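Student: Listed below are the residues making up each chain.
Protein chains: 2
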Amino acid sequence: VYDKREYCNWVEVAGGGVGSLNACFLAKRNFQVDVYEAREDIRVANFARGRSINLALSYRGRQALKAIGLEDQIISQGVPMRARMIHFLSGRKSAIPYGTKSQYILSISRENLNKDLLNAVEKHPNVKVHFGHRLEKCSLEEGMITVLGSDKVPKDITYDLIVGCDGAYSTVRNHLMKKPCFDYSQQYIPHGYMELTIPSKNGDYAMEPNYLHIWPRNTFMMIALPNMNKSFTCTLFMPFEEFEKLLTGNDVLGFFQKYFPDSIPLIGEKALVQDFFLLPAQPMISIKCSSFHFKTHCVLMGDAAHAIVPFFGQGMNAGFEDCLVFDELMGKFNDDISTCLPEFSRFRIPDDHAISDLSMYNYIEMRAHVNSRWFIFQKNIERFLHAIMPSTFIPLYTMVTFSRIRYHEAMLRWHWQKKVINRGLFIFASLIAIGSSYLLLHYMPLERIPYFISQ
Amino acid sequence: VYDKREYCNWVEVAGGGVGSLNACFLAKRNFQVDVYEAREDIRVANFARGRSINLALSYRGRQALKAIGLEDQIISQGVPMRARMIHFLSGRKSAIPYGTKSQYILSISRENLNKDLLNAVEKHPNVKVHFGHRLEKCSLEEGMITVLGSDKVPKDITYDLIVGCDGAYSTVRNHLMKKPCFDYSQQYIPHGYMELTIPSKNGDYAMEPNYLHIWPRNTFMMIALPNMNKSFTCTLFMPFEEFEKLLTGNDVLGFFQKYFPDSIPLIGEKALVQDFFLLPAQPMISIKCSSFHFKTHCVLMGDAAHAIVPFFGQGMNAGFEDCLVFDELMGKFNDDISTCLPEFSRFRIPDDHAISDLSMYNYIEMRAHVNSRWFIFQKNIERFLHAIMPSTFIPLYTMVTFSRIRYHEAMLRWHWQKKVINRGLFIFASLIAIGSSYLLLHYMPLERIPYFISQ
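Chains as they are written, first to last, in my numbering: chain X, 6 to 460; chain L, 6 to 460.
Don't read these hints as lab results, they were simulated from the structure. Each hint should be verified, as a subset may be incorrect.
Pairs involving identical chains hold if they fit within one copy or between any two copies, as the list cannot separate such chains.
Straight line, CA to CA, 25 Å or less: simulated DSS-like cross-link-like pairs of lysine-lysine [claimed, not checked]:
1) K250 <-> K120
2) K183 <-> K142
3) K300 <-> K250
4) K183 <-> K293
5) K33 <-> K300
6) K142 <-> K160
7) K293 <-> K250
8) K293 <-> K184
9) K337 <-> K160
10) K184 <-> K250
11) K160 <-> K71
12) K142 <-> K157
13) K142 <-> K423
14) K142 <-> K184
Please read these numbers as outputs of a predicted model, since none were measured by experiment.
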């Protein structure tokens, strides 16, 4: 059935390059791949600034890039971030490492990544990229798509497999939704985000470069990621209702003076006000669905299958790992699509749902817990336990970011580890309490006890 | 702004008559209402058998019908059901009352109800019903709809308010979904349903008529509701994978002989096999969304706003109560739509989400708990407590079915009552244990205790 090896692969490059990456994987397996991209070629067109949050590339994304031979090229253009740098309101700063000394995540440019992936795609003679082609309709039963190119004449084309990598607002998924027994949920969080810039200072980074800077302020927060050109991209996350209270330049400056005073000289008063009102705050959506495939005709990957909130830095990494997992299954089942598609849904959905939940959890942790003593104390205990029992105890962040432990297993393991730590701390505290009472009663003259207690 | 009083009200009659009912409410408030219905007039067309589960009309639905003066007419065509009649595998039957002696739910025909509602709508000179008009598009920002009538020419019409009562697969809601910050979830349950018929026997009901008959069998169940023509409509609820195992007439008969032996002579072997393969098992979907309105242009009601699973018999009742609540708000705010719409979302969403959750809970209770001694014991305790403290303790079923206590308050109260009962039972059991030990130690000769314990 699949002798034709003519596949259609849907791409939304702005969605994180999942489509291009997957086209490379399919091309390596000798399939004929057509890639349709709604936008013009970002390498030639004057690309409008997208609604992007900085990308943090970690182990899962790197393993996928490695499999298509692109890892070294991509990481050479990234800035390593080895720790969180917490900016307290007082101006004090404190670093909390992400993992061991050799572990780091990479701040990379979404635009460069997408361009490099497109270049990689076009090296394959069996892939054709059609820019400026919008998906009008999908007839999933027949594997037929209707696309609209620049000539505005709808074209019907039939393929053996439709791969929907067309992002959070996926058209392919919208067609899947009409099929029976397709579960779906979309949830907007109350926060919006806005991007600001800290330019370079005297030709160098204005802050310590190898950190992900965080200004946690409980109900809202700001982060900053380093760029190759020595600037930082800041992202302010805040409830929409708070954004709506800031109506004038003075409101904005007053707000920053109150909550992020150290950032004002870095961003610059004028640029801050200008950038703040350039674009409205953008919404963030969390999407889950099940299953990811339809019969043997269609499969979803990346944000189209699971748009997640950005607070674990795993959106692109999870999407890239989708492609890697799919490729591994194709290898295991000898390119048999009819086995691979249901297996991909069965295997991958628990993991993508888990990273969605974990990202939602981190949405609270990052802005509210990260600046508490208890958080830092826990992180230190985790680091200590991991150092003495590296394979038994692995911090959640390490499992998610620096390993390919399945997301849902990482989540289960994390719950178990938390329980063990809390019990351990309880027993430890009880022993100390018992021990000190014992010492008190044995070594303190009896007549002093009433006096001691009355103190 | 609303002087024109020209409103567009979307109806899906097969969706339960919510659209017709709401048109009556709006007409009574002197609005101009256009009702668009995709199907032909069910009163004249040869109506194909719909995908319907029998309707159980209870207090909320009746109160809504009462407000438009239709209650008596509708209930005169219903069959009262005063209790569940549990059919055990052994053939034994046992009745569990729904409430007090005077309380009952009504088995009514969806078709008759919809016809009566349409007749009521057409009595209002300010309502016009357009049959055979399909909604093509909704431009919510402009309050414009595009409809396609029998002439197949799309017509654009602008209204002050678009009311989407177009059922679980609502087109209006699909347009709302594209608006920012619209939360949505759809979930199919693993069970499907299938309708069968128990015909009348010698001109009379073949079973006791004033009951909702239940055959609970843990992972699946069958129910039967009486019709006015002395027949019963049975509905078999079962996981799709179980349906798929029954491929031949003999499979079906074997299955019924094993699990519902007493129903075979009532349905008839031949009819059973014939009806079983007439239509495939139908899926059931649970839909939640938020909010129900968009600016001052659009609002959702009924299944369009909250499709729920049918296990609490509240689908139509909740939809009808939507209309009643909206009418109450219109009264409170002097027909000011711009105040009513956000207030309707704020007030009604917690209730519709609660009845959705409660229906999902009953999906397990009805098929798995209803035949346990513990369930019957609990129901008896509930009835006893309600009898001695009628306003303090109200069973969940009574709150949902025989009152207009807000659904979400009923749910909270139920949780609280369960806690109190369990504590009460625990204390009661402890007192008995303490009391009997006391008696044992005081009145039993000491030398007999070791002997007694060794027994």
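Student: Hint by hint, work out which the structure violates, then give me just those numbers in ascending order.
Tutor: 1, 7, 9, 11, 13
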